[in-house]
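Chain by chain, the residues run as shown.
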Amino acid sequence: MNIRIKVKHLVLFVLLPLSLLSVLAIVRPSFGAKESAEALTRAASAAARAELLQKLDASTGSARMELIRKEVIDPANAVPAYWFNVYAGGSMSQVNPAGTEAEVSPLLPEDRIKLLEEYIRNGSADIWLRNAVKQLVYEYDVRGNKDNEADKAIAAALKRFSSNSSAARELTLIRAERALNAGKFKEAEELLRQSEFPVQYNAAELDAKTAWLKGRLLFAQGKGSEALRLVNSALEKYRKDWADIEAEYQTADSSLQGENPPATGPGSSQDRKPAGPEHGVSSTEEQLISLQTRLQTAVAMGFNGPATITGTLTKSDGTPVARAGIFLRAESDLYHSVYYDSEPYQIVTDDEGHFQFSGVIPGFYQIQLGLSFEQIDGWTWPAQSDDWIEVKPGDQLTENIMLQPLLELKSPVNSQVLTGSAVKFKWEAVKEASYYSLSTTVIDGGGSFSTVVRQRIADNQVTIPADELYNSGGFSTGSSGEGWQSVYPSSLLGFANPDSRLSWSIDAYDGQGHVITRSNGYRLNEETVGNLPFFYLKSRTLTAADQLVVDRKLEQALEAYRRDYDANPQDAHALKMLIHLMLAKYSDTKDAGLEDEAMALLRKLVELRPDVNYAFSLADYYYDRSDWENYSKYYAQYLKLNGEEPNVYGRSLNATALMLQGRLDEAREQLAISMKEDPSHRFVGSYLAAELAAGQPLSSVLKLAERYPEHMFSQGGYTWPLLILKLQAERAGQPEAFDQLLSEKLAAYVKGQHEALEQWTREGNPSALKAFIQAVLEVG
Amino acid sequence: MDREREAIRRQLEEELHPLTFTGHARVLRQTHPPALRARLSAFWNKELEIPLGPLGVAAAILVTGAVLFYAPHIGTKEQQSVQMPRQRELIESGGNTYWKDVYEQAVKQHEH
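Residue numbers (UniProt numbering), protein chains in the order written: chain A, 1 to 780; chain B, 1 to 112.
The hints are simulated quantities; they were obtained by calculation from the structure and are not laboratory data.
You may find that some hints are simply not true.
Said to hold, decoys possible - Output of the computed footprint for chain A on chain B, the stretches with three or more beta carbons under 8 Å from beta carbons of chain A: (1) 44-55; (2) 98-110.
What the hints assert, rightly or not - Distance condition first, Cα-Cα at most 25 Å in a straight line; then the derived SDA-like pairs of lysine to any residue: (3) K726(A) x G650(A); (4) K8(A) x R37(B); (5) K8(A) x P54(B); (6) K46(B) x L16(A); (7) K633(A) x A672(A); (8) K426(A) x E92(B); (9) K100(B) x Q94(A).
To be verified - Estimated spans, in silico, between C-beta atoms of each pair: (10) V63(B) x G447(A): 48 to 58 Å; (11) Q105(B) x L542(A): 26 to 36 Å; (12) Q356(A) x Q105(B): 37 to 47 Å; (13) Q200(A) x E92(B): 43 to 53 Å.
From a predicted model like this one, the values you see are computed outputs, not experimental measurements.
All residues carry an ideal CB built from backbone N, CA and C; glycine is no exception.
Please take these sequences and the hints and turn them into a complete structure.
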């Protein structure tokens, strides 16, 4: 059988569609895979949404409320509000991969809002209604909280509860907190007044929460000392209340368990037992302690009013990042991770990425972000640990946050094997970058060892000789902490092990020394994975001694290197490894003879293979021994090898060395430069001591202490100002006697009589001067 | 005279009888060549006769091939979109954070 077809029909209906299909298949082989996977997910979620909405439409009355509770409120309650996949900040980052397990609701925010509103109108007045209110308020905040709809919703929900119930009090406190955070202090005061009624359940938690809000409000109204007194007594009462409850629990029989009082946070309401002495510190107690700490510092510094911080979170292409968490975290709170839904300053960004905090107690803060995997994928927030926001009374600060695209590495990447005598690193140029720094990590079976290989690279490529890579990291070591034999081979051999997998990364800096972007970050899909930052350097082979290191026979390796070096005094590698092993052993055994021997060998190595790390190690060694002649020799060599400019640590160390040599003015000059260069202000104590020793008055030294905060001690950035303030107070009694004692002790410090001073600070009655000198002695 | 001419004409007709002139079209094409458009149109409207048997076999082979090639992909994709969120694991490597499955795929591409 034949068919008859005109040419035009053949082309139009057969050949054209066929060729179109094949072109699609060839040009975009992934087209089908990707788009359809996403389309499938989208379609599935749309179908699930339609099905759920239909199910809801079909039900009425209490069955409908039950359905909303089960399908809308319950799933969202499984994760607390302000819970994010990734928490990012300068001092800390945290991942919650568990989030991927959580059910993702197919409902859109507008569906949820409608259903929650309905539940609040018609659902039964119980804990689920309270949870529904909290969820609704969160959704309102995300969409911008127009006309303060969130507060109106809470006020409306309040009418559903009996006026003296625990839930009514809790909701009133939420209103008060929202008013306080919005800077409406009068309204917050009125709401706090309304919340003061006795309740049967959860009284201790609610009392504590009330005090926490009142303390903040009092401070915001300029009554700092009153706020501190209130928080002190509230904390005492809270601890006593729980001790009483705990005692009751221990004596009472198990029938009491049904009345287990719900805690305040939604995250804590289901699974957390009431906090008693053996349960550690509850989040409520932590909150009160944190507030107490911040109030103490603010009162001591004489701060008497709150501040406001506003900003927007965007990507560098201008897209606002909505539904992201912004946490303003006080210096004293940075040691712990972000609390779910109980941070003092937490907010979720609206559609424009906007956020605002009011009533902020002055102090040092850092911002941390809460982001979803989708938001952070391929992007980075280049915050650094030294990025502090100094909030002063009455400040109205703007802190705009911008996510930056990760920069891409070009070569060597993807496990490339290199054999040359140098490695040429290349990466994507970053607009506005003044310079880059290159870090590497050596990965072997026993662990990994990271080091910054080059800083201040002007170009987006650099060639580094293999020898320099072998020396990178100096003589530092990493171990599992079980004696010196447990030192990781990766930290000893580093790049010299041709079998080690190596990885590298780049940070791009602007002219002010701030990181603009980096190569390391979240790379979660095929497009953002980019080049893998791995390569192998197989320019040399392992010697027999090296193999002993790999096999973790370090004692034998040490002897083998010694033999190699004796046989060939020009063998720089054997000499370097010998010294490295000796120093690793010394750091464990503290056998001073070993260190001296290693340093004598290092003097030979630095001649054989002049390296900046070696020269600095020698300078540091002679600094500790006040051997100024040798110190100066090696510091000079270090400077020469480092391009005639010391790094920030080198400059500060040299400044102290100058001071100890009696060259006070030169030391002050170097310390002044170091303060500007080093954002950590690690040596500010030495600087203040040098200024005082040079006869500067306490008032001008106080200004320096405030200008260069150091964030390492318990009182953080205010440690040194507070020490100076106490010196001023102590001086006020007997100025002449104080001045004489101060200059006497500073003279001893400058002369290096540290042990005698140390002893003096511990003898007799404590004083502000002793505390100051003690702190100065701990600098470095 | 006329009769003679008539006789010759008849004889000629008789002799030429088996021959017919079929070159009209060719002559016309040479004297009046058709426009390109007309030629294209002619080709466009030309009718082809295609035997159905071989065509059917070719089509069957194509369809089977396509189904065999795409079917497993479609299947796994559906499964992945349902299962992946639960099974995925984050790993940190070379200072980056990856989904394990994406990372392993990338490594497979490059590792020797």
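For each hint, the structure was consulted:
Counting residues of the segment 44-55 of chain B whose C-beta sits closer than 8 Å to any C-beta of chain A gives 11, which meets the bar of three, so the coverage hint holds. Under the rule that three or more residues need a Cβ within less than 8 Å of chain A, the assignment of the segment 98-110 of chain B holds, with 9 such residues. The suggested pairing of K726(A) with G650(A) is violated, with an alpha-carbon distance near 31 Å, which exceeds 25 Å. Only pairs whose Cα atoms come within 25 Å are accepted, and K8(A) paired with R37(B) is accepted, the gap being roughly 14 Å.
At most 25 Å may separate the alpha-carbon atoms for a hinted pair to count; K8(A) and P54(B) meet this at roughly 21 Å. The straight-line distance between the Cα atoms of K46(B) and L16(A) is roughly 18 Å, inside the 25 Å bound, and the hint therefore holds. Our distance criterion of 25 Å between C-alpha atoms is met by K633(A) and A672(A), whose separation comes to about 24 Å. A C-alpha spacing of about 23 Å is found between K426(A) and E92(B), which places the hinted pair at or below 25 Å, so the restraint holds.
For the suggested pair K100(B) and Q94(A), the alpha carbons sit about 18 Å apart, so the restraint of at most 25 Å is met. Distance hint for V63(B) and G447(A): a CB-CB separation of about 56 Å, consistent with the stated range 48 to 58 Å. The given range of 26 to 36 Å is respected by Q105(B) and L542(A), whose C-beta atoms sit roughly 32 Å from each other. Range check, Q356(A) to Q105(B): Cβ separation about 43 Å, and the 37 to 47 Å hint holds.
The supplied range of 43 to 53 Å is met by Q200(A) and E92(B), whose beta-carbon atoms lie about 49 Å from each other.
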